[in-house]
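Trainee: Going line by line, the protein sequences match chains A and B.
Going by the working numbering, the letters in the first sequence line up with residues 1 to 113, in that order.
Going by the working numbering, the letters in the second sequence line up with residues 1001 to 1111, in that order.
Just so you know, the hints here were simulated from the structure itself, not pulled from any lab data.
It is possible that part of the hints are untrue.
Only pairs whose alpha carbons sit at most 16 Å apart, straight line, appear in this in silico EDC-like list of lysine to aspartate or glutamate [as the list claims (entries may be wrong)]:
(1) B:K1057 x A:E106
(2) B:K1079 x B:D1039
(3) B:K1069 x B:E1055
(4) B:K1042 x A:E106
Just so you know, these numbers come straight off a predicted model, no measurement behind them.
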Amino acid sequence: KAGVTQTPRYLIKTRGQQVTLSCSPISGHRSVSWYQQTPGQGLQFLFEYFSETQRNKGNFPGRFSGRQFSNSRSEMNVSTLELGDSALYLCASRRETNTGELFFGEGSRLTVL
Amino acid sequence: EDQVTQSPEALRLQEGESSSLNCSYTVSGLRGLFWYRQDPGKGPEFLFTLYSAGEEKEKERLKATLTKKESFLHITAPKPEDSATYLCAVLTYGSARQLTFGSGTQLTVLP
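Work out the full structure, taking the sequences as your base and the hints as a guide.
Mentor: Structural data, given as structure tokens:
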């Protein structure tokens, strides 16, 4: 069974640019969540999508957005990048939203210069 | 607001030296507590789910326990391959079904 796949794995951007990250969940999983992980803040919840609808959103500015497609694949976008956006962005899928058993991808490492 | 605190932040053990990691939580209405392992440069990997005080789960050299205020991850006779960051997270009835993660314990097992 294929795991959660995230692309790209690494990327470098400059301030002011925008970036789009992609996530393919485990087959059959309809929920996709996005997390930002930094050494200082740990794992912080960005948002969750279930059946193409955003279910929850964390405390991040509107520059962070996402969407989910009918095949459950998800994308997140960060516009007007800031230096502080440098982080590991993790996608996680789960079959339903009642479980805390998340399956994470390996992440997309974003560096903003 | 749900709070999860893990201690210690970092732990260095000799191979074979058993120890415990702590995860204390302050929540209203615990639905479940979860342990994850994260290797450098990778996403967290699910280890255990605990639902009620007194519950225990085991996997190889790891055993997780739960009380009403905290959870412990006991590591018996660790090996270097157990080196990783261990994260705990809680799911509560009032959290809109979102996990709240602790900041993790970075475990290093020296050969």
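Trainee: All hints, please: hold or fail.
Mentor: Here is how each hint holds up against the structure:
1. A C-alpha spacing of about 26 Å is found between K1057 of chain B and E106 of chain A, which places the hinted pair above 16 Å, so the restraint is violated.
2. Using a Cα cut-off of 16 Å, the hinted pair K1079 of chain B and D1039 of chain B holds, with the two alpha carbons roughly 15 Å apart.
3. For the proposed pair K1069 of chain B and E1055 of chain B, the alpha carbon gap of about 13 Å is at most 16 Å, so the pair holds.
4. Restraint check: the Cα-Cα separation between K1042 of chain B and E106 of chain A comes to about 5 Å, which is no more than 16 Å; the hinted pair holds.
Consistency note: the structure conflicts with earlier hint 1 alone.
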